[in-house]
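Chains as they are written, first to last, in the working numbering: chain E, 4 to 307; chain G, 4 to 307; chain D, 4 to 307; chain V, 4 to 307.
A few chain D residues facing chain V, derived, Cβ under 7 Å:
no., residue
1, GLU91
2, ARG232
3, ASN234
4, ALA235
5, GLY247
6, GLU248
7, THR250
8, PHE251
9, SER305
One-sided excerpt, in silico: chain G residues whose CB lies under 8 Å from chain D:
no., residue
10, SER99
11, ARG166
12, SER176
If you are wondering where the hints come from, they were derived from the structure by calculation, not from laboratory data.
Note that beta-carbon positions come from the ideal geometry of N, C-alpha and C, so glycine has one too.
What follows is the residue order along each chain.
Protein chains: 4
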Amino acid sequence: MDYQFVINSLYDKVSNEPLQGAVANYIPELAKVNPKYFGVALTLTDNTAFAIGNADIKFSIQSIAKVFSLALAYSLIGDEIWQRVNVEPSGTSFNSLVQLEADLGLPRNPFVNGGALVICDILMCQLEDAKSQLLTFIRNLSDNPLIEYSPNIAASEKTNGFRNIALCNFIKSFGNIKNHPNDVLDLYFDLCSIEMSCSELSKSFLFLANNGCKTTDGLKILNYSQTKRINAIMQTCGFYDESGEFTFKVGLPGKSGVGGGIVAIHPNLYSIVTWSPLLNEKGNSVKGIHFLEQFTTETQYSIF
Amino acid sequence: MDYQFVINSLYDKVSNEPLQGAVANYIPELAKVNPKYFGVALTLTDNTAFAIGNADIKFSIQSIAKVFSLALAYSLIGDEIWQRVNVEPSGTSFNSLVQLEADLGLPRNPFVNGGALVICDILMCQLEDAKSQLLTFIRNLSDNPLIEYSPNIAASEKTNGFRNIALCNFIKSFGNIKNHPNDVLDLYFDLCSIEMSCSELSKSFLFLANNGCKTTDGLKILNYSQTKRINAIMQTCGFYDESGEFTFKVGLPGKSGVGGGIVAIHPNLYSIVTWSPLLNEKGNSVKGIHFLEQFTTETQYSIF
Amino acid sequence: MDYQFVINSLYDKVSNEPLQGAVANYIPELAKVNPKYFGVALTLTDNTAFAIGNADIKFSIQSIAKVFSLALAYSLIGDEIWQRVNVEPSGTSFNSLVQLEADLGLPRNPFVNGGALVICDILMCQLEDAKSQLLTFIRNLSDNPLIEYSPNIAASEKTNGFRNIALCNFIKSFGNIKNHPNDVLDLYFDLCSIEMSCSELSKSFLFLANNGCKTTDGLKILNYSQTKRINAIMQTCGFYDESGEFTFKVGLPGKSGVGGGIVAIHPNLYSIVTWSPLLNEKGNSVKGIHFLEQFTTETQYSIF
Amino acid sequence: MDYQFVINSLYDKVSNEPLQGAVANYIPELAKVNPKYFGVALTLTDNTAFAIGNADIKFSIQSIAKVFSLALAYSLIGDEIWQRVNVEPSGTSFNSLVQLEADLGLPRNPFVNGGALVICDILMCQLEDAKSQLLTFIRNLSDNPLIEYSPNIAASEKTNGFRNIALCNFIKSFGNIKNHPNDVLDLYFDLCSIEMSCSELSKSFLFLANNGCKTTDGLKILNYSQTKRINAIMQTCGFYDESGEFTFKVGLPGKSGVGGGIVAIHPNLYSIVTWSPLLNEKGNSVKGIHFLEQFTTETQYSIF
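Excised from the complex, chain E in its bound form (with noise of 0.2 Å):
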């Protein structure tokens, strides 16, 4: 498979349609960005890398850190995790306080912003400095010392971020958050806030594409089941309320962000970023689901 070619003719083909969505503004960091970013990464299990675009441009990866949180706190405690965030589809909008409230505080699955917000509550109840050392669990993960939390971003965040003040004060309410919650809070906006690029992204992810264990020096991050099991969560709920579109259009385990990314994996073989801001009205990149929904397509490489 000539994987260079492949990339190149669909970035060629997805760049030249009409800029179509909008960019996410309900904070101005997000609202500013270019919206003629595009930008593609792809790295194989044996560590081959290809990227086109705007691969190296670091951009804020916003939900899609929520697979990294996820991922420390199932290393950190297994199964028990489950107790507190369930791994079912919402079939609601990802902030939703609807369903939290029929399912008493339990959050649907880790990715909407009520399970995320459980999740980093978790990490700080195992770890003695959660966010330095979750920085440090992702800077490990890409190889790459550098990567940084967004002060401005997280600082925006906490301003604007009054459904999510209410998520976690809704979920402490059940008894389902053990911290304060501004505490919790704290940590969730700033494991949004991380800026990395495509090229950065897809590194970081293909640990899920090679049985748990990082390609380039081979620590084991999670066991076959564990990280079989964040695939499957990836594959039913990874695309807010179009997780079941993705499925049905991409066949890869996913997840995305409103800053605009999206990330893939294909067990065994390889983990594909892909970055333009432009979303549609359920928050998934535009053309990001277009290229990956193409490259399926052509290299007939679905799960399905």
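Fit chains G, D and V to the supplied structure of chain E, relying on the hints for placement.
Chains G, D and V alone, transformed into the frame defined by chain E:
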């Protein structure tokens, strides 16, 4: 891989687990089945077949039949089908009317009851005699002219199916049923009444593991993309409100029925069917899920 | 108080307001009514009657008839009735299935469609020929043997009433309908098809302003406590999802119908009926509410 | 009518009923109250006052205070207030976030917690020092300069009020809170912490039975129409999800609090207050409702 050995040893293990769960009892015909029945059938894409236990006793396949009606409707009208039914997991009970109200009569996916009713409606618009042509389609898939609807079960469902009557009329009130609700319900109840054995089911689902073509005569039922999409929908929506859990534990696309059957597909490899009538509270076969969970762990054959 | 003067002057004023709203059009029989009709009838508990405009033209009383069926059922089985239907406002649309699902088939109150269906079911269990005995009851209340069901309207409702068919079968699925849903629906559609004029309605509702006794012959229909309770339910639930607004603006217990009629009761004083077919988006008559709001302000006759 | 006799005999009767229900225990300050306390106070619009039992012991009036804040806000900005809060019964729990999500941050009425928070926000926008001016308003209504907030209760509510913090931030996320949520919550917790006795409450609510004017000095608090409207809202929304039941049983507009107090108004006649800390599962005082139900039956003083 010595499949027969794996199947035999897992069958022994799961057979000896204490009986848990309850037989579906909303109609007498289902309630009277022997709860100790347990069968497994596996068919590889090269037509090698393996079976153990009560793999040749016919049982009521119930909702598993919704995959047949979906495949036939999809083959008839192509992607137009998605104007009438969505592809998202429901996040609520399979016969919930709540979500239909919020979604203005567009069922969340083809496997919730409302979605299957819409599919039946489509078949009635496309076919002169939907009931007999649907049966012919299924007989053809299984190379078995003896497969039949069960008039007793269909009649019993009709007498007790107030929730389904409600669903069908509710969707009709939104305009998303074209035929008379009573006629659509008749076809739906017939569809769910089909009786097949594990071995028959496993054979008839094999085209979904073979890119849409029958393995016995090469007949193309669906194209590559359509096949991939049905598998994707089974992955996200095949197990009612336990789809995430099944994806998480078993890691294969599949479909269950309240008769206690479960079908699972490993693309390009096999189709496997289990049958044990004792259901958990979500309506899925307890032993079936146990068996499949261990089968994919043992064979490391999850798609994730 | 010179009632005729108050009525005349308010009638002139509201008549001259520009036409707003829309005639109910879900069945042709309702859609073809003249939108300019406007009538008012007031009857005091001493039987003095006042009327103006189209007060003697018969119209489809629709949901107003639900007060008749409730009164009859209440007189037959007393407080046992509240085992089958609740007395709380619904907070959602009058034909919503959502709340019924949450409440396991117990309708929120006797005036939402589900509640009225349960009341019809009770009448069928209590009466040999519910259809004719219910009509006799209403004729007796109004001292008028000419009141009739409209077969045309009932037939049209049956043909188009998919939502109500859904509701009735849904409640049946929870066990809170004892007769066959089709039979209950027949009675329900007949009930809603009754045609009466403002003057006839005003007379027939007067017992609710007179502690449960007819004012013409003293016949006791309900006891004091039962009468008070029906008035209380009209206060909190009589106007679909606009009950609070009506209580707030008009301050009297009442009931509206999609035919454009409104009945309101001032305990111990009078029964007043307005009719104008143009409805607001909540399904209540625009001119009727305007008229009654000014009537209670002008006469300072709110109960609050 | 010999009110003292009626009150005494009903008090004896209800006092002797076995204790049922439970004291509110979500904060320690409420949990430690003596469950046997039971007091009643009645004040006629001519200022004649009747009392029995623990009518002069101060208790935490909790949600009853929401009528004070509503009256003050209504007097300040008039009908503009209904742009910010609706007047419909909620049909769901008093602190539900579900309905707020469906209604895009517009609380269903001023007495659900969300509505009371919006009223506090309005007061903060209108008044220089809302906390002290609100207290002055209440002291004036009761002609009693000794009425106070309870700093202990307010502090305890703040520490445990995660659900209310969630509500306030949730409404803020829709833009229907103008001040900082933390400041609005401070005022809200202070408001609910007010302590008054039955006699004090009865006196201070009497203006609502007197067309908006205080009975002691004739001071006009609200106009006729505004008074009628607050009474109407108390009728439809004063008792959480039991408002229909209370209207049905007692037939008077009223308001309850989880401290065990209930205020009810008979327009033009009287204001009556009961206090017994044992609550039913809907959060309303068991003995209070029993007493009032029999009081209006005995005196035939229901408004219906």
